[in-house]
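S.K.: Each chain, written out:
There are 2 protein chains.
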Amino acid sequence: MHPTTQMLENARERVTFPIEELTKLIYVNEEIYETFMKAQKIIANEPTIRNHPDYHNWSRKQQIIKSYEKLRIMHQHFNLANAVHWAPLLSIFQGTTPTAVSFAMTVPALRFLGTDEQFNLWGPKFLTMEIVAAYAQTEIGHGSDVQNLETTATYDPQSNDFILHTPSVSAVKFWPGELGFLSNYALVYAKLIFNGKNKGVHPFMVQIRDNFTHKTLKGVTVGDIGPKLGYSTKDNGFLAFDNYRIPLNSMLARYVRIENGQFSRHGNEKISYASMMVSRQLIIFIYPRMAAQALTVAIRYSITRQQFTNDKGVENSVIEYQTQQDKLLPRLATCYGMIFTGIRIMQLVDDNFHRVQKKDFSTLQQSHAILSAIKAYSSQWVVDTTEWCRLSCGGHGYAHYSGIPAAYFDTAPNVTLEGENQVMYLQVARYLLKVLQYAEKNPEKVPFYFSFVLQIKDTLNNKDLSNINTQLGYLLKLSLTIQLIQVGKRIKDLMNTGKTFQQVWNEHVGIHLLSLAQRYAEYFIYLVFQEYISNANSSVKDILQSLCDLYCVQTILDNSSTLIESGQITQEQLKSLNELKIELFTKIKPQAIGLVEAFNFNDNALRTCIGCHDGKPYEYIYDWATKENSVNKVPQAVIDLMGTKIKPKL
Amino acid sequence: MHPTTQMLENARERVTFPIEELTKLIYVNEEIYETFMKAQKIIANEPTIRNHPDYHNWSRKQQIIKSYEKLRIMHQHFNLANAVHWAPLLSIFQGTTPTAVSFAMTVPALRFLGTDEQFNLWGPKFLTMEIVAAYAQTEIGHGSDVQNLETTATYDPQSNDFILHTPSVSAVKFWPGELGFLSNYALVYAKLIFNGKNKGVHPFMVQIRDNFTHKTLKGVTVGDIGPKLGYSTKDNGFLAFDNYRIPLNSMLARYVRIENGQFSRHGNEKISYASMMVSRQLIIFIYPRMAAQALTVAIRYSITRQQFTNDKGVENSVIEYQTQQDKLLPRLATCYGMIFTGIRIMQLVDDNFHRVQKKDFSTLQQSHAILSAIKAYSSQWVVDTTEWCRLSCGGHGYAHYSGIPAAYFDTAPNVTLEGENQVMYLQVARYLLKVLQYAEKNPEKVPFYFSFVLQIKDTLNNKDLSNINTQLGYLLKLSLTIQLIQVGKRIKDLMNTGKTFQQVWNEHVGIHLLSLAQRYAEYFIYLVFQEYISNANSSVKDILQSLCDLYCVQTILDNSSTLIESGQITQEQLKSLNELKIELFTKIKPQAIGLVEAFNFNDNALRTCIGCHDGKPYEYIYDWATKENSVNKVPQAVIDLMGTKIKPKL
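Chains F and Y, in that order, give the protein sequences.
Counting from 1493, one number per residue, gives the positions in the first sequence under the numbering used here.
Counting from 1493, one number per residue, gives the positions in the second sequence under the numbering used here.
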């Protein structure tokens, strides 16, 4: 057996829990698990769609063409219109999945905001991809602030239709995915001008390209916005209209309508949140799984990579170094919390949608707040984690052959898209302050996942921290509680000095609000983690508890200043927490290989040559570099440029 | 005037210090400043070498060919053999500068480790680029641990030459820049086997490609290692030898020699550090300037970007939000400290080299420790800063057209190369503990920049923090001092439990050692910052002091736990520091545009369309996307793939 294969096998033998029990938790249910495993296998075995080592040498044009070829084959294998099928694929597909936006954003918006007739008119055509439609909201000059979008849809009573127009450069639609090349339709958010009055921003289903020739229609300017940090196959696009006429039926009309020349509103407009929720929920569900891929590579590599000789004259596996454990183990622990949270939120959002469809909006705001908090926290955590995994692999982590740089590229946009994280956090903070305000008078209105607001006195007075290492969840709650009270007081104090609420909010408490919302996200993840442990098979309760403890203790230590500043914990207690962390390292380190292999990614899905199932990192690196690297077919033009002398002027 | 141009002009008018005084400090001296300004202009005005908006759509092969074309023209304009000329260019050149490694690493190594005859033999040929030589040290399986390199150079007494050999895959040279295509020579580090005995690792100057045809020589396997996170034009390479004979004179022979069949050592081998110092020093000098570019873009964009309406119904510039200030202003402040530190270190290293050449090694170790600390701290800071700048620009920051993603790509490797940061920090910690050990008995031996070790008692007892906001430098020193003492004690305690020093070091104190070294780096930067303020023109002393204060207060707050845990500062004092930070925001915000424009980058150097001198971010974005984006010439093959229906199996 190859020595590095042996190292991995030895590590596997030391794992003491049944890996498949964790796999079950990770993949929610049989259907998702089976689909995912089947997809992994198909992608690995079919040469036209398997991940290609040379991919990152290609031009964007080559990558885009390849991704469309793959799209067709993938759609034939798996029905990409079904999120259960394609969502987990996102993490194992090289490049981004075309049509994901169309299916994850435009279709839900059509379902929630369109009438049944409208849905029946367009919906079925999505399934056969006769319609692929971008979600065209963001403009060059306007992102998060939807109410200030500039694109206009002016109702023309003469012809009973709309004139769609882009009045300035800053009004050009910019960034929507799949708009650049792929879409023939777009759901365009525009300010409705009715009888000269601004009736607010509404969505319009607009054809932009011919169904047969795929040529851009007259009055439309559309194309790709250029190269980005990652997402190179995603044709994020621009879109401008020059007094472009669209029929009356274009406006999604479940909640606003123009009939007989009259404009009217129907029902609860809060629903406009609902379609954004689908894409945010998917971000939370999918992307921690890309972090899991990076962790799989990093843990396997850390077991097979040796550096510096130990007391016995043998080179140490780098996983034996405390500094390496510190990079990877807390993140591995948190990854489990993130994945569980992704699943729990999928359930919460589903439940909320069922209510909304029955016109019960009682869980809408809390779902929105939880989603916003976790979307922001999870997406930043994923990016940071892929980065730390990369760094933990030394030089080879910087190579695309490690598989990790692409994970960074393609998770980085989630911090900004579908609700910029900072804007999300500010909304969460606002919601928390609102709950605080009504909690005392209307405790029954406080939603379950916010019930810490009802326990404030109890939380602040329960100071029995004699055994602090068993009080980790309480410490997270305490930290959140203190932050909430302090921010509330700070705002009140500043307003008492004569400042307006908006001034205080924008200019004086921003960093405290972000911190408050982050503490909430951390506490929520802890709650979900505990739910999972309670319901888990007894054979994995112990390892899950260790992971949850490490998640908590790392989180507390990273943000200890609130607890210390407010005099809630002492120097001795902090020391005890630090020791607990190191104890947990000792406990989790031998299980690490099992914990990453429970994610069950095959080598093709990991796109790696340093973290394969049978090790051999150096053999695979050298193999790819010598056999799969197209730039090594050096063109004569390059050779001619070299090897001749240059005499500088200076 | 365009409204966004007007916004920038208004901001410029509010600046109250003379910008050119800071520019002088940033560019060290007239020669560097003039060369840099001239180069910026030439690159911007010559079409073949100016930065190209479409660059990031290209394949690596296209990018590489372009970079060689540019190389020739650049070398004719500026003598690239002269670091003063090319070093500042690195930050404004699209893609990495070819031959930088050859000039910055191989030539200095040849100078320090080769005999005068050897230098005269090869050195002049570098200037005309007849020789371009990679620095081939790292192997696939061996990075930081040079003593465990596997490549062998076996002395053959019969023929009086060496046989260079790669005994295994893990021994293949891997990563050296300019090795993949460009170099015809390589400075190969190999284990010298002399009469069957291992005589340690030494450098050999080896020809690998033909001087005229540029074909690989027999016995050599060489090529490019594949695509990476960034550095796409840098041909990092692999190199393997199959019993390849090289002449006796290949071995650099200033300190080791084989004469008349005898092996001998001469002088102080510590000098082998010295050549690594050049490249580390350049990293410290150059790359904070790339962070300065990202900051220039981010600050200008934050002034012109508006979002959400304020009390008066006007959209706010995002720079007005505290959260935005928090992302950018502390980093802008630190950037000045980093640039000054880069210059100071260049001077320290120069001074050390002059001594070394006179066989005075008295400043070698301290220089090595300072360089290691700052190389690690500065490189990580640069990467983090480009990332925060990107995030501060919202969606547009993710586009390559912002200019920021490439800054991230091309600074990221510095964390790992030329001494992996963590390994660097551990060496610094080891040096600090050594100084602590001898300080009491030999205080005169303690180098100037480590004199805090002589003031330990004084530091711990000086607790007059009644006006804490004026004691920022003291707090950094205090934090460092406590960390040093605690780590020293922890190691002693653990060894008293029977563990070996190596066990303790690797498995029990790693994270504390990293933290100690980081606190040292922070304190060093503060010392340099203060030196600069003392010597600065009185017209900029005030703004520089504000920057230094913000650097300090942010650094203290980021790592407050040591001070709090050890009971050195109170809750009230921490609150006061937080308030000071916000006060400094108010003071620095109106000066921010002047502070970034003192760096004096032209638009081409910034490769940006959202941070240009005259603003107009949206106009330029739209212009580039519609006119400069080659993927918008959609090939018919792509169109054919779209617009047709696909029926999924499932």
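Where hints are given, some of them may not hold.
The list cannot tell twin chains apart, which means a pair is met if one copy fits it or any two copies do.
Claimed, not checked - Straight-line distance between alpha carbons at most 30 Å, and here's what the computed DSBU-like set of lysine-lysine pairs gives:
# : residue 1 : residue 2
1 : Lys1707   : Lys1933
2 : Lys1683   : Lys1804
3 : Lys2125   : Lys1707
4 : Lys1926   : Lys1710
Please keep in mind that the hints were generated in silico from the structure rather than gathered at the bench.
S.K.: For this structure, which hints from the list above don't hold up?
M.R.: 1, 4
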